[in-house]
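Residue numbers (this note's numbering), protein chains in the order written: chain E, 1 to 200; chain P, 1 to 200.
It should be emphasised that the hints constitute simulated quantities derived from the structure, not laboratory data. Check the hints yourself; a few may be wrong.
Copies of the same chain look alike in the list, so a pair counts if it fits in one copy or across any two.
Cross-link-like lysine to any residue pairs, in silico, SDA-like; alpha carbons within 20 Å at most [claimed, not checked]:
1) 120 to 108
2) 138 to 175
3) 120 to 174
4) 120 to 41
5) 134 to 165
6) 57 to 28
7) 199 to 189
8) 199 to 155
9) 38 to 62
10) 57 to 29
11) 120 to 175
12) 13 to 52
13) 134 to 177
14) 38 to 118
15) 134 to 174
16) 134 to 176
17) 12 to 50
18) 149 to 91
19) 120 to 42
20) 120 to 177
21) 95 to 193
22) 57 to 32
23) 120 to 35
24) 95 to 156
25) 95 to 135
26) 13 to 38
27) 92 to 151
28) 120 to 20
29) 120 to 29
2 protein chains.
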Amino acid sequence: MPLSDEQKLNMKKRRENILEVATELFATEGYEGTTIKKVSEAANISYGSVFTYFNDKEELFRTVVLDPLNELTEVLFDFNPVADDPICELEKMIKTHIHIFAGMSTYLTLIVQVIGQHTKFSETFSELDQFHNKLLDKVSRLVENGQEKRLLIQQEPFTVASLYTSLLIGIRLNTTDARLSDIWDSYISSIMNLFGPIKK
Amino acid sequence: MPLSDEQKLNMKKRRENILEVATELFATEGYEGTTIKKVSEAANISYGSVFTYFNDKEELFRTVVLDPLNELTEVLFDFNPVADDPICELEKMIKTHIHIFAGMSTYLTLIVQVIGQHTKFSETFSELDQFHNKLLDKVSRLVENGQEKRLLIQQEPFTVASLYTSLLIGIRLNTTDARLSDIWDSYISSIMNLFGPIKK
DNA sequence: TATTCACGAATGATTAATGAATCAGTCGTG
DNA sequence: CACGACTGATTCATTAATCATTCGTGAATA
Numbered sequence: 001m002p003l004s005d006e007q008k009l010n011m012k013k014r015r016e017n018i019l020e021v022a023t024e025l026f027a028t029e030g031y032e033g034t035t036i037k038k039v040s041e042a043a044n045i046s047y048g049s050v051f052t053y054f055n056d057k058e059e060l061f062r063t064v065v066l067d068p069l070n071e072l073t074e075v076l077f078d079f080n081p082v083a084d085d086p087i088c089e090l091e092k093m094i095k096t097h098i099h100i101f102a103g104m105s106t107y108l109t110l111i112v113q114v115i116g117q118h119t120k121f122s123e124t125f126s127e128l129d130q131f132h133n134k135l136l137d138k139v140s141r142l143v144e145n146g147q148e149k150r151l152l153i154q155q156e157p158f159t160v161a162s163l164y165t166s167l168l169i170g171i172r173l174n175t176t177d178a179r180l181s182d183i184w185d186s187y188i189s190s191i192m193n194l195f196g197p198i199k200k
Numbered sequence: 001m002p003l004s005d006e007q008k009l010n011m012k013k014r015r016e017n018i019l020e021v022a023t024e025l026f027a028t029e030g031y032e033g034t035t036i037k038k039v040s041e042a043a044n045i046s047y048g049s050v051f052t053y054f055n056d057k058e059e060l061f062r063t064v065v066l067d068p069l070n071e072l073t074e075v076l077f078d079f080n081p082v083a084d085d086p087i088c089e090l091e092k093m094i095k096t097h098i099h100i101f102a103g104m105s106t107y108l109t110l111i112v113q114v115i116g117q118h119t120k121f122s123e124t125f126s127e128l129d130q131f132h133n134k135l136l137d138k139v140s141r142l143v144e145n146g147q148e149k150r151l152l153i154q155q156e157p158f159t160v161a162s163l164y165t166s167l168l169i170g171i172r173l174n175t176t177d178a179r180l181s182d183i184w185d186s187y188i189s190s191i192m193n194l195f196g197p198i199k200k
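Taking the hints into account, I'd like the entire structure generated from these sequences.
See the structure below:
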């Protein structure tokens, strides 16, 4: 009676397809502006099928927002706060982050909405906030490392880290036209200035 | 037959009250999540009355977003791009902008939504975009001025200006807890680093 | 000053449309 | 044949917008 492996795989694909089209819709139309009907049509499945994968609209939304966090952790936290060459590590980190942010336009637009309406999406936002705080902490430690080695000017490390993540999300917000990664690359050296590298 | 001055004044107050509560609702609940019923209740007027001041919901939204731009222009553009002391002018500008952004939490949350869902609110977004471009232009000129005087390191002025406005809106987005202006003040010197001031 | 009149703002019940969620029935597969 | 995914019409709630009606105020008249 249990489903065959092929069926399970099919359902997994179906589920992921729903999440994909729902991400796009939630991002462009907003939570209330996105209807289950629109989702089902975009995913080419029946209205009722959406509810076999998600109990209700709210669960679908929460999944769309929180599911990608796991794999995002791997790439976003991929830097060494106690590196011997903190400047080089910072540059690498910025480059990585910039490319991630350049490539995840739709999802990040959605994140922006959750942050903006954090009272409405308080539980979901809370998870994002935890994620953000962990990132802030790790960036802070790298900044601290750079300052101890006298390679960065003295600033409150947590403040700088906050400004850095603010800048990342702000760029994503301001860059509405789907620009090429080239443009994003040109930001890197300027962003580095935020950390106050000391020229020798 | 025309209305008395007192009545006109009363209607003006009523209208502004609607705009005020609608701003709050649109910002926290989103466009679709905000109902005319909620607006009328929050404004303590009848449902139908909302429509004597605004033809439809969309017009109410557009007014809420675009109306404040005029007085915002005055404070946001209040700096001199050809100042003799560009560094000082930059610091003053940052300080002014930071205080404006710190104080306009609700409205800016709304702006964030319009930018995030710019395909949905394309006409309204277009107006915001024009406003933004004018600001970018003026900031660029100040940066150029500073670079010509060799007080700022050489960077593409428009890129730096873009990063600056991205940072402003990003901070507003990331600072969800209603912090004191003190915290915002601590950002100022770090933000200055973005422009690459040359120490002498 | 008192009374009537007329204009337009204010009201909220009503209308027509649309939403989320349900559920009885169908279909596919092991 | 039996289990569970799939379907979409149905239900019930909620929405934007309308509209017939009421209410308030200033002007006109006596």
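Tested hints:
1. In this assembly of identical chains, residue 120 and residue 108 lie within 20 Å of each other by CA distance both inside one copy and across copies; the values are 18 Å within and 16 Å between.
2. Within a single copy, residue 138 and residue 175 get their C-alpha atoms only as close as 26 Å, which misses the 20 Å cut-off; across copies the closest is 19 Å, which meets it.
3. Taking the shortest alpha-carbon separations for residue 120 and residue 174, only the inter-copy value of 16 Å comes in at or below 20 Å, while the best intra-copy value is 23 Å.
4. In this assembly of identical chains, the alpha carbons of residue 120 and residue 41 lie at most 20 Å apart only when taken from different copies (19 Å versus 26 Å within one copy).
5. In this assembly of identical chains, the alpha carbons of residue 134 and residue 165 lie at most 20 Å apart only when taken from the same copy (12 Å versus 25 Å across copies).
6. Taking the closest pair of Cα atoms, residue 57 and residue 28 come within 20 Å of each other both inside a single copy (16 Å) and across two copies (19 Å).
7. In the homo-oligomer, the alpha carbons of residue 199 and residue 189 lie at most 20 Å apart both inside one protomer (13 Å) and across protomers (18 Å), since each shortest distance falls under that limit.
8. Proximity of residue 199 and residue 155 under a CA criterion of 20 Å is satisfied in both settings, with 16 Å inside one chain copy and 16 Å between copies.
9. In this assembly of identical chains, the alpha carbons of residue 38 and residue 62 lie at most 20 Å apart only when taken from the same copy (18 Å versus 25 Å across copies).
10. Proximity of residue 57 and residue 29 under a CA criterion of 20 Å is satisfied in both settings, with 14 Å inside one chain copy and 16 Å between copies.
11. In this assembly of identical chains, the alpha carbons of residue 120 and residue 175 lie at most 20 Å apart only when taken from different copies (16 Å versus 26 Å within one copy).
12. Taking identical chains as interchangeable, the C-alpha atoms of residue 13 and residue 52 lie at most 20 Å apart only when both belong to the same chain, with a minimum of 14 Å there against 50 Å between chains.
13. For the identical chains of this complex, residue 134 and residue 177 are inter-copy neighbours only, at 17 Å across copies versus 30 Å inside a copy, given an alpha-carbon limit of 20 Å.
14. Proximity of residue 38 to residue 118 under the C-alpha cut-off of 20 Å is restricted to the inter-copy arrangement: shortest distance 19 Å between copies versus 24 Å within a copy.
15. For a Cα distance limit of 20 Å, the shortest separation of residue 134 from residue 174 across copies, 14 Å, qualifies, whereas the shortest one inside one copy, 25 Å, does not.
16. In this assembly of identical chains, the alpha carbons of residue 134 and residue 176 lie at most 20 Å apart only when taken from different copies (16 Å versus 27 Å within one copy).
17. Proximity of residue 12 and residue 50 under a CA criterion of 20 Å is satisfied intra-copy only: 13 Å inside one chain copy versus 47 Å between copies.
18. Taking identical chains as interchangeable, the C-alpha atoms of residue 149 and residue 91 lie at most 20 Å apart only when both belong to the same chain, with a minimum of 16 Å there against 28 Å between chains.
19. With identical chains, the CA atoms of residue 120 and residue 42 are at most 20 Å apart between copies only, with a shortest distance of 17 Å across copies and 26 Å within one.
20. Only between protomers do residue 120 and residue 177 lie at most 20 Å apart by alpha-carbon distance; the minimum there is 14 Å, versus 28 Å within a single protomer.
21. Taking identical chains as interchangeable, the C-alpha atoms of residue 95 and residue 193 lie at most 20 Å apart whether they share a chain (14 Å) or sit on different chains (19 Å).
22. Taking CA atoms no more than 20 Å apart as the test, residue 57 paired with residue 32 passes in both settings, with 10 Å inside one copy and 15 Å between copies.
23. Taking the closest pair of Cα atoms, residue 120 and residue 35 come within 20 Å of each other both inside a single copy (18 Å) and across two copies (15 Å).
24. In this assembly of identical chains, residue 95 and residue 156 lie within 20 Å of each other by CA distance solely across copies; the values are 18 Å between and 23 Å within a copy.
25. Only within a single protomer do residue 95 and residue 135 lie at most 20 Å apart by alpha-carbon distance; the minimum there is 16 Å, versus 27 Å between protomers.
26. Proximity of residue 13 and residue 38 under a CA criterion of 20 Å is satisfied intra-copy only: 19 Å inside one chain copy versus 40 Å between copies.
27. In this assembly of identical chains, the alpha carbons of residue 92 and residue 151 lie at most 20 Å apart only when taken from the same copy (16 Å versus 28 Å across copies).
28. In this assembly of identical chains, the alpha carbons of residue 120 and residue 20 lie at most 20 Å apart only when taken from different copies (19 Å versus 23 Å within one copy).
29. Within a single copy, residue 120 and residue 29 get their C-alpha atoms as close as 16 Å, and across copies as close as 6 Å, so both meet the 20 Å cut-off.
The structure is consistent with each of the numbered hints, conforming to all of them.
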